[in-house]
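S.K.: Sequence:
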Amino acid sequence: MPNGWSILPPELRQIIYDQINIDLTEDQRQSNDATPFTSLPLVSREFQREFGYVNFRYLVLDQHRLKDFERIVSKHRIRWAFVRRIDLRVQLPHDNETKDAVAASENEDVFLNTVHEFMSIVSTWRKIPMHSSKREGHRPCLVEGVKLHLGSSTGQHLSTANSPAPITHTEQQDTQQPEADTIARKFARATVIESLAILRRHPPCITPSFLDQLIDQGMPCLEKLSNEAWDINRISTNRQDRDECFAVLDVVRRRKIHSLDLFQPSGHTFCSNGIPELELRSQSFMYAMLATGLRYCCMSNLFDGLDFVSHIINVYYPHLECLVLRSQHLTMTVPPPNPHYLSVLFKLALCSAAYMPKLQVMDLWNGDSQNRLLVRIVPMIRTGPNRRIAIAVYAASIPQDELRVLLDQFRQSCLTSRWEPVIWREGRMEPAEDSDHSPPHPASYPDAHRYIKRVAETMIS
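Take the sequence shown: its position 144, counted from the start at 1, is 144 in full-length UniProt numbering, and no numbers get skipped.
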């Protein structure tokens with residue numbers, strides 16, 4: 001006897017499918033839901049037969065549900081083949097900032113045991129090509145890999161990967177690294193994991209040493225890493241923070257990861273004359289050197305974007321396709337906007353484009369949510385006497401007369417750098433990044449290729 005779903009006309013099935021897709025997408029943007037829509041079981045067998053792709057593509061896992069995850073999802077190939085992203089959340093018995101050695105050790109044990117158990121489960125997965133059936137409501141898909149978002153918290157509130165602002169958030173506390181024996185156990189190899197994001201809430205045991213072992217042993221196919229190991233609202237002058245940032249970059253370089261989204265230590269360490277300390281200026285060169293193997297690089301919370309771009313001229317980037325530099329402190333030398341500072345940065349960015357032969361887009365973001373400026377550079381013809389470039393400048397809450405001075409200096413920089421701006425766009429940027437009138441933002445796109453494609457569409461439309 002036909003059931004209720006099977007007797008529905010194909011058009012109505014498609015409407016239901018599209019509406020569920022919309023609800024699912026909107027739910028992923030909700031940050032503080034204790035029980036996200038996607039973590040609840042959709043028990044209808046009829047729905048599951050028709051919409052497995054919707055039901056399992058985004059999973060939110062707490063450590064106490066790993067057994068259910070293995071039983072319901074992992075042991076059924078037709079289900080785990082649909083998985084695209086997993087948020088693994090760990091609830092710790094004690095506060096992240098605890099100074100008690102015993103409590104800290106218990107936190108590490110809980111976290112590491114959870115990660116080991118999870119890696120053991122997904123190590124049985126394999127990449128499988130999936131093709132849609134002929135029935136209405138199905139859509140083609142291909143299992144290309146799984147995105148793993150890793151984080152933890154204490155108490156009843158559990159953080160999610162879609163907490164405020166970008167997709168990836170982390171919070172690193174100033175505590176000692178765990179003893180070697182706490183991470184001596186080998187991680188199972190999970191070849192389906194291609195993307196790893198370290199969330200803002202995580203225990204201190206996630207150090208560069210931990211990442212190195214996790215990637216080396218358990219994630220041989222990892223291509224993308226997002227890591228925000230510092231609280232961007234905290235003044236960070238700690239040498240250990242900066243050293244760990246270099247160590248993470250070194251892990252990326254040695255593991256041949258081609259996509260990196262990294263939040264650097266904040267840049268409040270300025271001398272009385274408004275210039276960053278020499279130590280920070282020299283360290284920006286180390287950042288540039290360690291990023292040479294990347295195809296996509298997003299450096300957020302820069303302490304000195306001017307130094308970083310200037311060092312690009314001394315470093316050859318043969319593979320870099322997309323470079324995004326973001327900072328709220330890019331114009332710290334003078335209260336923003338500082339036209340002279342930004343014009344120098346823009347000119348150096350134009351010069352550095354010649355040292356990135358595959359560059360498709362360079363974004364310079366700066367300012368806070370209410371006083372933002374984006375300069376977008378898209379090289380079109382980069383060789384010969386007639387070098388051509390597309391430029392877009394978007395501003396929010398910057399006085400028109402000050403913006404006009406800045407744009408005039410940008411145009412002059414194009415002439416002196418021998419770039420012909422064949423496309424020049426100017427626009428106002430809404431304070432909210434998700435506004436329909438705002439330019440594409442890297443945090444809004446799952447991978448660099450889609451972001452680059454969207455940027456190209458907006459530049460030539």
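Quick caveat, the hints were computed from the structure, so don't treat them as lab data. Keep in mind that the hints are not guaranteed to be accurate.
Claimed, not checked - Just the calculated beta-carbon pair ranges, DEER-fashion:
{"#": "1", "residue 1": "E457", "residue 2": "R71", "range": "16 to 26 Å"}
{"#": "2", "residue 1": "I381", "residue 2": "R254", "range": "31 to 41 Å"}
{"#": "3", "residue 1": "R189", "residue 2": "I381", "range": "37 to 47 Å"}
{"#": "4", "residue 1": "T383", "residue 2": "H94", "range": "14 to 24 Å"}
{"#": "5", "residue 1": "R254", "residue 2": "N386", "range": "37 to 47 Å"}
{"#": "6", "residue 1": "I381", "residue 2": "I15", "range": "40 to 50 Å"}
What the hints assert, rightly or not - As a list, the in silico DSBU-like pairs of lysine-lysine whose alpha-carbon atoms are at most 35 Å apart:
{"#": "7", "residue 1": "K256", "residue 2": "K186"}
{"#": "8", "residue 1": "K99", "residue 2": "K67"}
{"#": "9", "residue 1": "K453", "residue 2": "K256"}
{"#": "10", "residue 1": "K347", "residue 2": "K127"}
{"#": "11", "residue 1": "K256", "residue 2": "K358"}
{"#": "12", "residue 1": "K186", "residue 2": "K75"}
{"#": "13", "residue 1": "K347", "residue 2": "K256"}
{"#": "14", "residue 1": "K127", "residue 2": "K75"}
{"#": "15", "residue 1": "K67", "residue 2": "K127"}
{"#": "16", "residue 1": "K358", "residue 2": "K453"}
{"#": "17", "residue 1": "K358", "residue 2": "K127"}
{"#": "18", "residue 1": "K67", "residue 2": "K186"}
{"#": "19", "residue 1": "K127", "residue 2": "K256"}
{"#": "20", "residue 1": "K347", "residue 2": "K358"}
{"#": "21", "residue 1": "K99", "residue 2": "K186"}
{"#": "22", "residue 1": "K67", "residue 2": "K256"}
{"#": "23", "residue 1": "K127", "residue 2": "K186"}
{"#": "24", "residue 1": "K75", "residue 2": "K256"}
{"#": "25", "residue 1": "K453", "residue 2": "K347"}
Just so you know, even glycine gets a beta-carbon here, dropped at the ideal spot from N, CA and C.
S.K.: Given the hint that K99 pairs with K186, test it: the Cα-Cα distance must not exceed 35 Å.
M.R.: 27 Å, holds
S.K.: Taking 14 to 24 Å as the hint, is the beta-carbon distance of T383 and H94 inside that range?
M.R.: The hint (14 to 24 Å, Cβ to Cβ) is violated, given that T383 and H94 are roughly 59 Å apart.
S.K.: For a C-alpha distance cap of 35 Å, please report whether K358 and K127 respect it.
M.R.: At roughly 29 Å apart (the allowed maximum being 35 Å), K127 and K358 satisfy the hint.
S.K.: Does K67 pair with K186 here, judged by a C-alpha cut-off of 35 Å?
M.R.: Within the cut-off at roughly 20 Å; holds.
S.K.: At the C-beta level, are E457 and R71 separated by a distance inside 16 to 26 Å?
M.R.: Taking Cβ atoms as reference, E457 and R71 lie about 44 Å apart, which means the hint is violated.
S.K.: For K358 and K453, compute the direct alpha-carbon distance and say whether it is at most 35 Å.
M.R.: Roughly 14 Å separates the two Cα atoms, so the pair holds.
S.K.: Does the Cβ pair R189, I381 satisfy 37 to 47 Å?
M.R.: Taking Cβ atoms as reference, R189 and I381 lie about 45 Å apart, which means the hint holds.
S.K.: Are K453 and K347 close enough, with their CA atoms no more than 35 Å apart?
M.R.: Holds, at roughly 25 Å.
S.K.: Per the hint of 37 to 47 Å, is the separation of the Cβ atoms of R254 and N386 within bounds?
M.R.: Since R254 and N386 have Cβ atoms about 40 Å apart, the given range 37 to 47 Å holds.
S.K.: Given the hinted pair K75 and K256, is their Cα-Cα distance within 35 Å?
M.R.: Holds - the C-alpha atoms of K256 and K75 are around 32 Å apart, at most 35 Å.
S.K.: For K347 and K127, compute the direct alpha-carbon distance and say whether it is at most 35 Å.
M.R.: 45 Å, violated
S.K.: Run the distance test for K256 versus K186: straight-line Cα separation, threshold 35 Å.
M.R.: The given pair, whose Cα atoms are some 21 Å apart, holds under the 35 Å limit.
The structure fails to meet hints 1, 4, 10 from the earlier list, while all remaining hints are met.
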